[in-house]
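One-letter residues, chain by chain:
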Amino acid sequence: MNLADWIGAFLGFVLTLLVFSYLIGDNPLFRITLHMFIGVSAGFVAVVAIYNIILPRLFVPIFINNSSQQILSLFPLILAGLLFSKISPRFAFIGNLPMSYLVGVSAAAAIGGAVTGTLIPQVLASMNLFAVQSNQAFDASVGLRLVNGIIILIGTVATLAYFQFGKYSQASEKTQFQTWIDGLGQIGQVFIALTFGFLFAGILSAALTALIGRVLFLVDFIRDILGLLIG
Amino acid sequence: MRNPVYTAIAIGVGIVVLLGYFLQFDLLINLRIILLEWATILVATTLLIGVVNLFIVHWRKSTTDQPNRVNSIALLAGLTITLGVAGWFGPTDPYSLWIFNYILIPIEASLMGILSVVLIYAGVRLLRRKPNLLSIVFIATAVVILLMTGPLFGIDIPGLAELRIWIGKVPAVAGARGILLGVSLGIIAAGLRILMGADRPYGGN
Amino acid sequence: MDRLNILGLIFVLVFFGLMIAASVVLRQREGRKLREIPAFVRLRRAIGLAVEAGSRLHISLGRGQLLSSQSAIGYVGLSILDRIARSTSISDRPPVATSGEGSLGILSQDTLQDAAKYLGVESDPMRGRITGLTPYSYAAGTLSFIQEEDIGANLLIGSFGNEVALITDAAERKVGMTLGGTDNLTGQAVLFAAAQEPLIGEETYAGGAYLGAGPMHIASLYAQDILRWVLIGLIVIGAILKLFSVL
Amino acid sequence: MEEIYCPQCGKTNPIDNKFCDFCLAHLHPQEGGSADSESISVPGIGENQNGLGGHDSDSNVPDWLSELQQSKEVENEEPLDSDSELGKPADAISDWMTGVSGDGEATIGEFSPAAPFLPDQEINESQDIPHWLNDALIEEETQDLLEDERLEEVPSASEEKDVSQGDSSPPKIRDETSGDRENAGPLAGLKGVLSAEPGAARVRKPRTYSAKLKVSTSQRAHIDLLNSLLEDEGQPQPLPQRRSISQQHMLRWGIALVLLMAILWPIVFTNQEMPLPDYDEGSAEVNRLISQLPENARVLVGFDFEPGLAAELDTAAKPVFDHLLSEGALLTLISTSPSGPILAERFIQSFQADQLLIYGLEYVNLGYIPGGAVGLLSFIENPQGTIPFTIDGLVAWETDERNGLPATAGISQITDYSMIILLVDDPDTARMWIEQLSPTIINPQVLTSLVLITSAQLEPVVRPYYESSPQPVNGLVVGLRGGAAYARISGGDDFPGKFWDAFGMGTFVAALLILVGGLGYYVIPELSRTARGQEKVKR
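Residue numbers (the numbering used here), protein chains in the order written: chain A, 1475 to 1705; chain B, 5 to 209; chain C, 19 to 265; chain D, 8 to 546.
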């Protein structure tokens, strides 16, 4: 390790301990560390945005393309310029034009993404569980697949039904239909809890891995220091 | 009354982009590509505005005499140094990587590490806070999955590993799919409210 | 032309038509009741308390990217922010919003300013804050924000990943109510365990309707309800057809 | 009827009044509990004085003087309160609130009477209602009562008569001050309240009218209510929740300690490694796909995770990339998150010690695709047009006019890549990549395979894509477990054993903590509650 690495490792060591101090209780040093972190990460984001988008996609096209493309590439430049007025509260209204443009595009992108990216593929995937080749012999594995398929189908339907917002009966008496929906919703909740439990375990093991990574770093650093001192 | 121009822009642009998703006409597709390209650049611009906003907020805080100003100064220092170093040398230069490796990663990874304690704490308290069937199912699943994720000292509990795989393949998929479908219904509704001008989060009152 | 794409377009158009129809029907006669979601009941109470006691509400709008499906939950958060800003601005301490994305930050400032204008009071742009620009730095910023400010209730409505646990933990340490809903699956799993009042999946998108953000919000719930059963029907029929190799 | 003059406003009050009916100042300095008076004077900040010893240390100081001192100090505090966060108060009420509730725990933390005894956090957590809320409530109550009083004080005919016997009627006094806004004392921020100027008390001659006539029953009731409220508030709180809060602290500390010990133990002491997982279908599939790659295969690698998960994904991906690089693959690095490009560079640097990777020749970093799903789709449809340059501004692709970099030579569309590897930690990002890529790569003529290396949390989200047919995801390495399985399959023995040991210990202890801790945390209070219930019944 060279000197820069030693200094870096020491810094990393101290910062790790400062963040871990939150486990004992919230303290000013922890908050200072957090703020430094916010600053550094924002700095990286800004630099990557400038290097990767603002320069090559906003400014470069103006200089290298042909005239019709140059005119076209002026539009985002103007919109981006207008957007910068949002920094000052007094002139913020100028930026409403590009913001309304962005909101329109993003709402459409959200709808388009949800339909083509989630709705259609997920519905198709649920159907495909039952795609058993007609010429295939019906053996145990196919049977198992079908049973699992049915469970997934019930789970999906029940979970979807759980979200039902409107009530089909007034508070006093429940219609049969309402009772049926409620029952389905209960089953859906169990599936939801199961899914969340699985995800939770995954998140926890990811977090544990991060913790182990940090602890290993701390131990290694101490070992290195001791090695250096003892020789 | 809101400025109708902004609403018209949002709706007009939105409809063109939306139709471009579903209808494959050349004109529509090209128009959609251009509109999205501009939007992408604008999003990057808002990112920069976000950084400026962060800077201004903390600049103000650090120049007024208030107890938390040292936090703001730390933030400004981190931001300026990173902007200076990574901006000058480039984001993947060894100097920038030094900051990334020895400041950003230790803090963020440690925060993620703390998360494990926070999550266990939440798990421990869940049953007390919400003593119901769902909490029991949640905790039981989490425990089984956790146990079977690690090597468990090489002990093989019959059936448990299979149970873990089965949960991941069948019921968890069902739950996730139901939630995702529900969420996409919500997304479409929220998007359509914007496209019909019912929600107008952009300014211009 | 891709048949599925056309089906998708038809789905969106039907959705649109149903929303319009539901809004017209709702205007003419009182609609059916909505089921009770306990989190929203407590939220309304918390808002009432905030108005009375002059405590501040904090709405965290998440860090969803604008040009993806995550933007939708951001818009739900913004309409709730608008609703709350209008009902609490005049009383005492108006709500504050934090966000982890530049464009959401700008939109939150616009929303707060609009609400202030509507009420005829001056607004402070600092109430729409960007607290960090990456998921974890956003969580870190919001965590310190909660610790430094006097906040009566925290509403986390937006796109969050697992880092949201840091925010709920900070809120719990400060003894404040936390309501959380997100579109992200891991975020939901964390909120289910860690938030006092978790919202699951689609429930979060209903926030506007349950808090009275406008008739179109309720209308869209009815449209969602109808199309939910259409989807269920499609899945079941499709599965049966697949099974018999018709499709 | 004996009467007493208020030292502050100079009005008469019944002798047994503790507080002035008009300005709420203390009538009996030597008798009044200091806590009471301070709670009234300026909640939140007024309390501070107690801690600083204002009244307790010198009870001879007349109330009005101490009030004045307080008000001065309050004025000094004001810059603290008008933090930039606060909306500019537009009307008197919000102004008043701004002053009262302060902003930020700084005020409370620094001046709270409890501060010397408890750390900040304890204070914040130790009460059901936070300080500021308490203060705001007190002040609001005061405000409401005062307003009611004012309304009810519109004199009735008889009262008017009585009042007219005095020098001037109360409404008139109010008129004198109505234009001013109090900026100090108990009613700071209110318009049109009685003057609290000490001068007024001294200059004006005490009025001689009967107080009996002035205090209506409803006023009396209000004042009693107010007094009782204030006395309650002034009482030191028994901190009923403190035990449970410290219990929560203990729980947190306990969890942290046990977990850290469990992780430290194998790292520091043991050498006995836990067995790597036997077999994992997804990892085996990835191994097979990589082994089948052609010479100098072009591989697109998406780095889409947050730096916080670097430990998990780096460790899981390490064996895969060891294998990949040994096959001589050329890498194109890309990301849809701004931190991604730097993580990618960092990851590649970690291999440099064993194997020299030359930028441009063996790998190229295209940087960040903005715009989420939209940007990604545009990259998939047209990689060269979407990202024409590398992150450091070099021309990335070979075109008719210009030479590109060798690592990307021959790539004109996404399907020219032999393999796409995605390192991902977020379910939405993973789905985004899969959904956007699958229409292109699920095609019998396309030979590009998609491989995912994901954080453990993504398993239920990505596994269905791997299991389904046609397969949008061809191989899957999930979390540390997947990485360990890969290391075992590929025969690489450099998987960090201590890491795996600590992981085994950590997951086991975490599961145990949740199970046992959760049950204990639920059962023990239940048992003690039942025991308490039984005791009560016995009594």
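Do not take every clue at face value.
Unchecked claim - 27 Å max Cα-Cα, derived DSSO-like pairs, lysine-lysine:
| hint | chain 1 | residue 1 | chain 2 | residue 2 |
| --- | --- | --- | --- | --- |
| 1 | B | K134 | A | K1641 |
| 2 | B | K173 | C | K260 |
| 3 | C | K51 | A | K1641 |
Said to hold, decoys possible - Covered by chain B, per the in silico footprint, the following chain D stretches (three or more residues, Cβ under 8 Å):
| hint | region |
| --- | --- |
| 4 | 304-318 |
| 5 | 411-425 |
| 6 | 457-463 |
| 7 | 517-530 |
Unchecked claim - Here are a few chain C residues that face chain D, going by a calculated C-beta distance under 8 Å:
| hint | residue |
| --- | --- |
| 8 | G26 |
| 9 | F29 |
| 10 | V32 |
| 11 | G35 |
| 12 | Q46 |
| 13 | S105 |
| 14 | N180 |
| 15 | N202 |
| 16 | Q214 |
| 17 | S263 |
| 18 | V264 |
Since the hints were made in silico from the structure, they are not lab data. As the structure is a prediction and not an experimental result, all values here were calculated from the model. All C-beta atoms in this analysis are idealised placements derived from N, C-alpha and C, irrespective of residue type, glycine included.
Verification of the hints:
1. B:K134 x A:K1641: holds, 25 Å
2. B:K173 x C:K260: holds, 20 Å
3. C:K51 x A:K1641: holds, 6 Å
4. 304-318: Coverage by chain B holds for the region 304-318 of chain D (6 residues, Cβ < 8 Å).
5. 411-425: violated (count 0)
6. 457-463: violated (count 1)
7. 517-530: Contact hint for the region 517-530 of chain D vs chain B: holds, 10 residues under 8 Å.
8. G26: Result: violated, 13 Å to nearest chain D Cβ.
9. F29: Status violated, d = 17 Å.
10. V32: Constraint on C:V32 not satisfied, violated at 22 Å.
11. G35: Hint on C:G35: violated, closest Cβ of chain D at ~26 Å, above 8 Å.
12. Q46: Violated - the Cβ of C:Q46 stays beyond 8 Å from chain D, reaching only about 39 Å at its closest.
13. S105: The hint is violated - C:S105 has no Cβ within 8 Å of chain D, the shortest such distance being about 15 Å.
14. N180: holds, 7 Å
15. N202: holds, 6 Å
16. Q214: Violated - the Cβ of C:Q214 stays beyond 8 Å from chain D, reaching only about 14 Å at its closest.
17. S263: Violated: closest Cβ of chain D sits about 15 Å from C:S263, beyond 8 Å.
18. V264: The hint is violated - C:V264 has no Cβ within 8 Å of chain D, the shortest such distance being about 19 Å.
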